[in-house]
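Engineer: The task is simple: from the sequences and hints, build the whole structure.
Chains as they are written, first to last, in the numbering used here: chain A, 20 to 346; chain B, 20 to 346; chain C, 68 to 435; chain D, 68 to 435.
Check each hint, because a few of them may be wrong.
Just a few of them, taken from the derived set where beta-carbon distance is under 10 Å, the chain C residues facing chain B [unchecked claim]:
1. S94
2. F192
3. A201
4. G289
5. D422
Partial list, computed: chain C residues near chain A (C-beta under 7 Å) [as the list claims (entries may be wrong)]:
6. G126
7. L128
8. G185
9. K186
10. S204
11. G236
12. S239
13. Y268
14. M397
15. P400
16. L404
Everything labelled a hint here was simulated from the structure, so no lab data went into it.
Treat the numbers as computed from the prediction; the structure is a model and nothing was measured.
Think of the CB as a built atom: it goes at the ideal place given N, C-alpha and C, for glycine as much as any other residue.
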Amino acid sequence: MTTTTSQTYLEAIRQGMWDEMEQDERVFLLGQDVGTYGGAFRVTAGFLDHFGPKRVIDTPISESGMVGAAIGASMMGLRPIVEMQFIDFISCAYNQIINFAATCRYRWGQNVPIVVRGPSGGNIHGSAFHSQNPESYFQHTPGLKIVAPSSAVDAKGLIRAAIRDLNPVLFFEHKYLYRRIKEEVPAGDWIVPIGKARLARTGRDLSIITYGAMLHVALDAAARLEADGIEIEVLDLRTIKPLDQDAILATAQKTHRVLVLTEEQTTGSVAGEVAARVGELAFAWLDAPVTRFCCPDTPVPFSPTMEEFYLPNAEKLVAKVRDLLRY
Amino acid sequence: MTTTTSQTYLEAIRQGMWDEMEQDERVFLLGQDVGTYGGAFRVTAGFLDHFGPKRVIDTPISESGMVGAAIGASMMGLRPIVEMQFIDFISCAYNQIINFAATCRYRWGQNVPIVVRGPSGGNIHGSAFHSQNPESYFQHTPGLKIVAPSSAVDAKGLIRAAIRDLNPVLFFEHKYLYRRIKEEVPAGDWIVPIGKARLARTGRDLSIITYGAMLHVALDAAARLEADGIEIEVLDLRTIKPLDQDAILATAQKTHRVLVLTEEQTTGSVAGEVAARVGELAFAWLDAPVTRFCCPDTPVPFSPTMEEFYLPNAEKLVAKVRDLLRY
Amino acid sequence: MSTTGKSFGSLHPDSPPVERLAETQLSRERQLDLYRLLRLTRMVEGRLGNLYRQNKVVGGLYTSLGQEATAVGSAYALEEGDFIGPLIRNLGSMLVRGVLPREVMMQYMARGLSPTGGKDGNTHFGDLARGIVAPISMLGSVIPVMAGVALAAKMQGRPLVALTYIGDGGTSTGDFHEGLNLAAVLDVPFVLIAEHNGYAYSTPTARQMKIKHIVARAAAYGIPGEMVDGNDILAVYEVTKKAVERARAGGGPTLIEAKTFRMKGHAEHDDAGYVPPELFEQWRKKDPIDRFERHLLGLGLATQEDLDGIIAEIDRGLDAEVDFALASPMPPPERALEGVYEPDPAEGLGTILPDAPPVNSQNGGVAR
Amino acid sequence: MSTTGKSFGSLHPDSPPVERLAETQLSRERQLDLYRLLRLTRMVEGRLGNLYRQNKVVGGLYTSLGQEATAVGSAYALEEGDFIGPLIRNLGSMLVRGVLPREVMMQYMARGLSPTGGKDGNTHFGDLARGIVAPISMLGSVIPVMAGVALAAKMQGRPLVALTYIGDGGTSTGDFHEGLNLAAVLDVPFVLIAEHNGYAYSTPTARQMKIKHIVARAAAYGIPGEMVDGNDILAVYEVTKKAVERARAGGGPTLIEAKTFRMKGHAEHDDAGYVPPELFEQWRKKDPIDRFERHLLGLGLATQEDLDGIIAEIDRGLDAEVDFALASPMPPPERALEGVYEPDPAEGLGTILPDAPPVNSQNGGVAR
Ligand SMILES: Cc1ncc(C[n+]2csc(CCOP(=O)(O)OP(=O)(O)O)c2C)c(N)n1
Ligand SMILES: Cc1ncc(C[n+]2csc(CCOP(=O)(O)OP(=O)(O)O)c2C)c(N)n1
Ligand SMILES: [Mg+2]
Ligand SMILES: [Mg+2]
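Structural biologist: Right under this line is the structure:
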């Protein structure tokens, strides 16, 4: 019998970090406004008071500097968590992440256990620089791990796993989910392992492979389609790198039809990588083309009318699924 | 009757830039050591003497600053060409490229006609930071164009097209080809259009889709396979963004078997994007899984023994093709 | 660093009733024009605040309350043909360059007739015809870009100056350093105004840098530095004018530090609980509009009626602007797909070389 | 900026025959040890040059000829437990920290027994046990990383100092600024040596920055700056020692500018045709080894025989190192696949929460 607490996605992340910091004094936070202010989204509210200024560090506006410092500190045995105020600003730390953090282990045997985390994703009318999903910028880089939870439980378990991981982990929180999701989260010291997808719904007609905020779009669409007796299987990747290839191939082999749904511009997307793998490794089982449903190849538009048009939603997804079932 | 000159890949790029600078006084160069020294690879040797220090600017070691300055200058009606001394250092300008250069047109109607170019690719034992193929870092970003020529003729025609293009163009030269390729290049004022692939070899048994240095590996393998009566079609993408989807689908429809060959780590590669498109849009024609042949998911290793193991070559490719033909 | 700016204006809270702002050659008319622009800035932001509270604004609202003089005074020192790269707190500089209040309102409300057609929000729009380059959100990034504008001007022999802004927080970015160093070493006509307003979001300057005065960084680039009372609009005008003239005359870039204070939170949602109330108290006394009014009235350059008249006229104008903006439609959804790339010109980009024929597998490997 | 470094050493080419280097408390033994390390650096690079000309080196060869005193003297001022982040021209600092010549040789020859197992080349290897962090090629990037090492030390209460290097060219990178500012504002035990050697590849300092002395940048971060004759090994030692002690005592970072000169091209393939021959002439007279020898001999700290003895011993040692390195095998090809990720510890990362059961489509949408 485990006790549970009702927690939002945001609270779960917060709690996960809090618990790790309580348990492991090597863990510390750095980022802009993470201390006094508790973070732009208040993810770290209360941390400064509780853990003190040594472990909760307000930094200058220096994303590259922050990540670099985290890399150095991690080599000394600490476990830094770097917050990007919005994940879009990770572009300013690109070099440190892909060239420094990601390669030390391979080049000279030095692992770099850091977490870089922050709010990603759209649907909050944040326009081009406060809505990005940067997972595809990094999916190509060996040495990185990338996580993108869709639920409070996963968010808590994965942030704990990310902090304990011995490699650099990029942890992309979907800000649309921060306060929109509330779940019973079990108490206790547990993790959700990096690299494992989760079957969110079983079905035999078609598989939707997705992650993050889109998981909820997929479940919504699946529920709608159920009325017509259509059984949709939904796989929540949870980890973008390394992909859980076994789970991906298993669902493809089961339903023979795969739609990959992600909140990214289509070209060069994570969805493309998933589709390429399914197409190559599950070819014999496929009854229809592996289909991507992502955003169009444009920056994220600001105005709600356009952003709604730009983003996948359940209604559009239902139509895509019906098309694919007719193939 | 057109006259031709025998030119290396490097000379062709150099000549293309030279001709554009002669014809169009808006075109200018900036980069580290591009002036007095003529560039680390001597691509711009002689430019300073001929065009003067106003149009050939040695800059500080500031990749982000260089690209930013190019963006600003382009808005004023100039046509800057920024050299990265090695293309790997483009990671330091990532933010300026994906967020500034790529989005102005969409957000406020301001186009940004700049070229960012430099030596990419491995096989010269340059290790992790002098061997990168960064096209996949950028393929996801709407607003960018990406070019990667495989021949001297294409290099010359495409650099001219890139300079004339009204959008930001990333021009990735493969340094392994710089002096290893020599061709007859026609004289005169012509371009090779961005966005058009080139059929490098016709065949009916299997298509290899590739670009850059790997084109030559593909042609080599195709020639070897010809001895066994195997007809390989080879498509040279030349442009990575926007992809020539028509040409890609046409060859897939023709041969029913597609292998995508690129010199990148496999996951999140351009090859993945091509494979995803073929899998989705040419599904009905496929007799075998679209197969990627890229590098393993590791940084580029330094030692020749390991780098040879890491890189695709004709021998390995022949084996892959035979496997795929047996499917 | 030079701190000639110190001679302008006064930071003393106990300044005498007749405000002694910096000396200026500006005529009475131009001073009243400056006053109008300063007032306009505050009043436009006031209207935006109303719209925000009415839930008409999409996303956050960022204002420059208490620091309007920096943006307005500096932009006023420019000539037609010059370029600015304003940040979110520099609405005033955009109004100086002719941006209409409705444009900003429609931007904030994501309307289809906004300068970006609803594609971007707030002050993030540009218009080269009016000499405005839009920044991106990533702080610091516009500095090298404006250095590039200045570089082009120099190359083209155009006698213009590029001016941009950075917050105290933004000075910590790599692009601040790369951009300013590049501008300095290439000796381009560039002016950077560092708006030192005490905080970067919740982070006080002492956590941002170990120096007290940002102007100390000018010496790191070998360029002149000026420190100015950012709440004395005449001082800001004069010090910028001097820098702009030097730049235009080929004297290269200047870094100007304007001391001011952000009188609200970072954005409308932020109650600025982390700012000690005394600081607000102190700085309220130095309000740039109040001070400019005391100067104008004290020196007999304007009567209270003159000022009231200006305010009333702005108010009337803003009613119409708000009405227009509110009545304007949201953009059509499909516009989301438009405008990513600049198309090739109709005549193409040049003669296309026909591709060499492919090797033909059926033909013994010979080109067909 | 403070320029206490100026008091150390002498930049005058016409220095008297008995070299007057900086005053030092270093004993005769330690001075001879320093001499050995200085010599060793030059001789190891000399051997690498031979190997390069024999086509045994894979890729380029980068040396520190003429500037060895900066790396050696500064690293010599550190204690065991301190950390360095050496760049390509700082082989000397690595040798000070116990790196064996064979390690560097095998790195340059891409051998399987090299510290990176052939995965990376030249001086790009690290070893925390010896306090060495490997940089990446992107200049400037190691500065924030070493600031992070220092930050950790401070947090952990370990009395150690992190020291790294940057070239005049590398100071133009954003990471120089972000890293140094971060170190300054967090007040961590960090020392940055800016090696001002006249050129960045072919680019003279005047094209890199508008300032003459890099040390002018210390004031931009509110930290002490020191300028030192980089070819006076004792001066470099002393000034670094002072900075390191201050840092260790909680006094925060220091920026040290060492004036020196790159006596070759950027790499072995570069003939440095762009450097005026007079400059080489001038600086040859200031060769740090010659000067240190004149000091040792002139003050009677060593005889020519002593020095010859040291050289001969190094030489014998290097013969063995070269032989070992040359005889060592290339790495097995499949090693390319190894070592990208650190595996989870055997016991795992914690208790794994079982996943909630999926919704079951066949069951009216209820979890099965
Ligand atoms: C590179 C980057 N990192 C983080 C942010 C998030 N952010 C937006 S405004 C701000 C504070 C800016 O402070 P300052 O530069 O002092 O300007 P002010 O708001 O005071 O005018 C931050 C951290 C950003 N926009 N860009
Ligand atoms: C970010 C980055 N840009 C470009 C380069 C290419 N590069 C390697 S060394 C060098 C010159 C370095 O000059 P400096 O910093 O003065 O060091 P020095 O070689 O004189 O020791 C350049 C431009 C690089 N390594 N990193
Ligand atoms: Mg501020
Ligand atoms: Mg140098």
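Engineer: Could you run down the list of hints and mark each one as holding or not?
Structural biologist: Comparing the hints with the structure gives:
1. Annotation: interface hint on C:S94 violated; nearest CB of chain B at approximately 32 Å, more than 10 Å.
2. Checking C:F192 against chain B by beta carbon gives a least distance of about 5 Å; that is within 10 Å, so the hint holds.
3. For C:A201, the suggested interface contact is upheld, since its CB lies about 5 Å from the closest CB of chain B, less than 10 Å.
4. Given the 10 Å rule on beta carbons, the hint for C:G289 is violated: about 12 Å separates it from the nearest Cβ of chain B.
5. Restraint check, C:D422 versus chain B: the minimum CB separation of about 5 Å is within 10 Å; hint holds.
6. The closest approach between the C-beta of C:G126 and any C-beta of chain A is roughly 5 Å, which is under the 7 Å cut-off, so the hint is satisfied.
7. Given the 7 Å rule on beta carbons, the hint for C:L128 is violated: about 13 Å separates it from the nearest Cβ of chain A.
8. Among the interface hints, the one on C:G185 holds; its C-beta lies about 3 Å from the nearest C-beta in chain A, closer than the 7 Å criterion.
9. Hint status for C:K186 relative to chain A: holds, with the closest Cβ pair at about 5 Å, below 7 Å.
10. Given the 7 Å rule on beta carbons, the hint for C:S204 holds: about 4 Å separates it from the nearest Cβ of chain A.
11. Taken as an interface hint, C:G236 checks out: its beta carbon lies about 5 Å from the nearest beta carbon of chain A, inside 7 Å.
12. For C:S239, the suggested interface contact is upheld, since its CB lies about 4 Å from the closest CB of chain A, less than 7 Å.
13. A hinted interface residue such as C:Y268 counts as satisfied when its beta carbon comes closer than 7 Å to some beta carbon of chain A; here the least separation is about 5 Å, so the hint holds.
14. Among the interface hints, the one on C:M397 holds; its C-beta lies about 5 Å from the nearest C-beta in chain A, closer than the 7 Å criterion.
15. Using the Cβ-Cβ criterion of 7 Å, the hint placing C:P400 at the interface with chain A is satisfied: the shortest such distance is roughly 4 Å.
16. Taking 7 Å as the C-beta cut-off, the interface hint given for C:L404 holds, the closest approach to chain A being about 6 Å.
Going through the hint list in order, the structure does not satisfy hints 1, 4, 7.
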